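Asker: Place chain B on chain A using the hints.
Note that the protein sequences, when read in sequence, are chains A and B.
According to this note's numbering, the first sequence is numbered sequentially starting from 478.
According to this note's numbering, the second sequence is numbered sequentially starting from 392.
FYI, nobody ran anything at the bench for these hints, they're computed from the structure.
Because the structure is a prediction, the values reported are computed rather than measured.
Some hints could be false.
In silico DSBU-like links for lysine-lysine, alpha-carbon gap of 30 Å or less [to be verified]:
1) A:Lys718 / A:Lys734
2) A:Lys734 / B:Lys550
3) A:Lys718 / B:Lys421
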Amino acid sequence: MTASSTSLSAPVTRLPGRATGSRTRTGAAAARRPLRERDRSGYLFVAPFAVATGLFLLWPTIYGLWMSLTDQSLTATESSFIGFDNYVEAFGDPQVWTTLWHTVWFTVLSTVPLVIVALVMALLVHTGLPGQWVWRMAFFAPFLLTSAVVASLSSWLFQPDIGLLDTWLANLGLGPVGWLTDENVAMFSIALVTVWWTVGFNFLLYLAALQGIPQQQYEAATIDGAGGWRRLFAITVPQLKTITGVIVVLQLLASMKVFDQIYLLTAGGPNGSTRPILEYVYDMGFTNYRLGYASAISYVFFALILVFTLVRLLPTKKEA
Amino acid sequence: MAVPASVSTMVTARRSALQQTRADNRTLTKLTIGPSPWVRAGALAALVVLAGLWLLPLAWGAVTSFKHEAEAALPASWWPSQGWTLDAYRQVLGHSELLGWMWNSLVVAALVTALTVLISAMAAFAFSQTLFKGRGLLQFLTLASIMMPGQILIVPLFKQMQAMGLVDSVAGIVLPQVVAPVMVFILKRFFDAVPGELLDAARIDGAGTWRMFWTIVVPLSRSILVAVAIFVFIGAWNNFLWPFIVTTDPQFMTLPVGLSTVKNAYGVQYAQNMASAMIAALPLLVVFMLFQRRIVQGVATTGMGGQ
Numbered sequence: 478m479t480a481s482s483t484s485l486s487a488p489v490t491r492l493p494g495r496a497t498g499s500r501t502r503t504g505a506a507a508a509r510r511p512l513r514e515r516d517r518s519g520y521l522f523v524a525p526f527a528v529a530t531g532l533f534l535l536w537p538t539i540y541g542l543w544m545s546l547t548d549q550s551l552t553a554t555e556s557s558f559i560g561f562d563n564y565v566e567a568f569g570d571p572q573v574w575t576t577l578w579h580t581v582w583f584t585v586l587s588t589v590p591l592v593i594v595a596l597v598m599a600l601l602v603h604t605g606l607p608g609q610w611v612w613r614m615a616f617f618a619p620f621l622l623t624s625a626v627v628a629s630l631s632s633w634l635f636q637p638d639i640g641l642l643d644t645w646l647a648n649l650g651l652g653p654v655g656w657l658t659d660e661n662v663a664m665f666s667i668a669l670v671t672v673w674w675t676v677g678f679n680f681l682l683y684l685a686a687l688q689g690i691p692q693q694q695y696e697a698a699t700i701d702g703a704g705g706w707r708r709l710f711a712i713t714v715p716q717l718k719t720i721t722g723v724i725v726v727l728q729l730l731a732s733m734k735v736f737d738q739i740y741l742l743t744a745g746g747p748n749g750s751t752r753p754i755l756e757y758v759y760d761m762g763f764t765n766y767r768l769g770y771a772s773a774i775s776y777v778f779f780a781l782i783l784v785f786t787l788v789r790l791l792p793t794k795k796e797a
Numbered sequence: 392m393a394v395p396a397s398v399s400t401m402v403t404a405r406r407s408a409l410q411q412t413r414a415d416n417r418t419l420t421k422l423t424i425g426p427s428p429w430v431r432a433g434a435l436a437a438l439v440v441l442a443g444l445w446l447l448p449l450a451w452g453a454v455t456s457f458k459h460e461a462e463a464a465l466p467a468s469w470w471p472s473q474g475w476t477l478d479a480y481r482q483v484l485g486h487s488e489l490l491g492w493m494w495n496s497l498v499v500a501a502l503v504t505a506l507t508v509l510i511s512a513m514a515a516f517a518f519s520q521t522l523f524k525g526r527g528l529l530q531f532l533t534l535a536s537i538m539m540p541g542q543i544l545i546v547p548l549f550k551q552m553q554a555m556g557l558v559d560s561v562a563g564i565v566l567p568q569v570v571a572p573v574m575v576f577i578l579k580r581f582f583d584a585v586p587g588e589l590l591d592a593a594r595i596d597g598a599g600t601w602r603m604f605w606t607i608v609v610p611l612s613r614s615i616l617v618a619v620a621i622f623v624f625i626g627a628w629n630n631f632l633w634p635f636i637v638t639t640d641p642q643f644m645t646l647p648v649g650l651s652t653v654k655n656a657y658g659v660q661y662a663q664n665m666a667s668a669m670i671a672a673l674p675l676l677v678v679f680m681l682f683q684r685r686i687v688q689g690v691a692t693t694g695m696g697g698q
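Just chain A, same shape as in the assembly:
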């Protein structure tokens, strides 16, 4: 994943070191040879990171896999090996499928506007119109809020009857909407909040990519008599293809891990209609105390993410 995004991100990295990359890389390679004698120091430098990764990433991964094969509980100290029973149960558990579907539905609902709105914002700001500082601040500020603040602010807006949104609707003669209480609406409300909250990040990625487009191309097009729209669709949009691919994948992966805002806004309700799979894992493990079963569900979910990640790695390798 990083291997591919490394090459893809070249246009947006504009730090001094990059410019001389091709020349100095050979220099760095040459410099490595004499270091051979100091082999040991490399170990010392990797050691802290390797120990931390081993302890807090590798070991829990293995331990979790083991847990998923047991009937371990949060309260009991003893547990026994039960083979693949948890996995069999998970595949037959309708809640696993429902919450997985909610996760996918949320991912679709949030990813599409999160890419399109970010692009529109970046294109508008990239016009160089006055107030650059204000636009950047306005679009990125929500990203700096923690999920609990996002939940407070948005549930206040969504408040039935006295909330700002319902008040506005009432002024227009429209009935109150059960933003977070109507099963048919809640997921849309959550997606709306998520777009407001995190679009600033994609906006900045787009903006950086736009700044990487050589101005000469626009100048040449202007001389050739291309109008504003023509320049937008003939120069700007084609140059954004690569970054769009990266943003879509990053966004899909981020959206699939949704938990915070749903847990804090609706706690998965109404009637479990917004509960994502990560919340099901949490509920199973920490509310129902079934740690073994919760681990098994995490691994089913992980397998899906992994397949998705690997599948998307294949075509980009070829392109590069």
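Answerer: What follows is chain B alone, placed relative to chain A:
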């Protein structure tokens, strides 16, 4: 004499930089949407509407936080008839653990940032500028671990923390967050570009590996290190899931976790709720206003591998 002179040069430099930016923006406008005043007005109007919408929730929260509690629950009005008040802030700061949670968040985020940047930079240096047996394998493992989403590990990690006695402790919140393989690769990419001649020269002067890392590579990579640090700090300050899992005692809660418990306790006190939200939002918003350029650049350079 020298001081005012240098100040005035700085001011002039700053002013000319500003003029340069303005001129660049004007050129950009000409190049992207052209000279038509109608198109410009349209784009500007779109920006104003979008920015207004995006600031609305914060603005509405701010207005509510300065209202009297009795009036906050009345149908929405932007101008309270009973006047503005700081009551909600007084209540929240005087009678809740908000400041304590903020302090916890600051400690946690600072520790996570310092440790993550240090160990990631060291590992990136080792991968980039030293040769040792197993380097390829370790690099591959690091690359593979990027694909492991931390959220999957909450259950086994919690059990592990219980066994290590780290539930409800700063170490328990911080340590699992310092593993950031993505950052190692972002940094490695920049360390690869450090000129080998510089390291050769240092080696001839008898510098050890640690000194080469600390006196050559780190200073040369300051901008990317700052970018990574900012990114890690924002992530750690705002992280909810892991601190939420590993703390049960309010004394150890970070701001996001603490706030989420208050919401249930004072569910109907809207002005106070909004006051807490404003206080919680303020630190990073101020940091952003101060370091906007760096943060924007940081997101652009590290964001690709992050999230």
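Asker: Under the criterion that the straight-line Cα-Cα distance not exceed 30 Å, is the pair Lys718 of chain A, Lys421 of chain B satisfied?
Answerer: Given that 30 Å is the threshold and the Cα spacing comes to 23 Å, the pair holds.
Asker: Lys734 of chain A and Lys550 of chain B: Cα distance at most 30 Å?
Answerer: Judged against 30 Å, a Cα distance of about 21 Å means the pair holds.
Asker: CA of Lys718 of chain A to CA of Lys734 of chain A, is that 30 Å or under?
Answerer: This hinted pair holds, its Cα atoms lying about 25 Å apart.
Of the numbered hints listed earlier, not one is contradicted by the structure.
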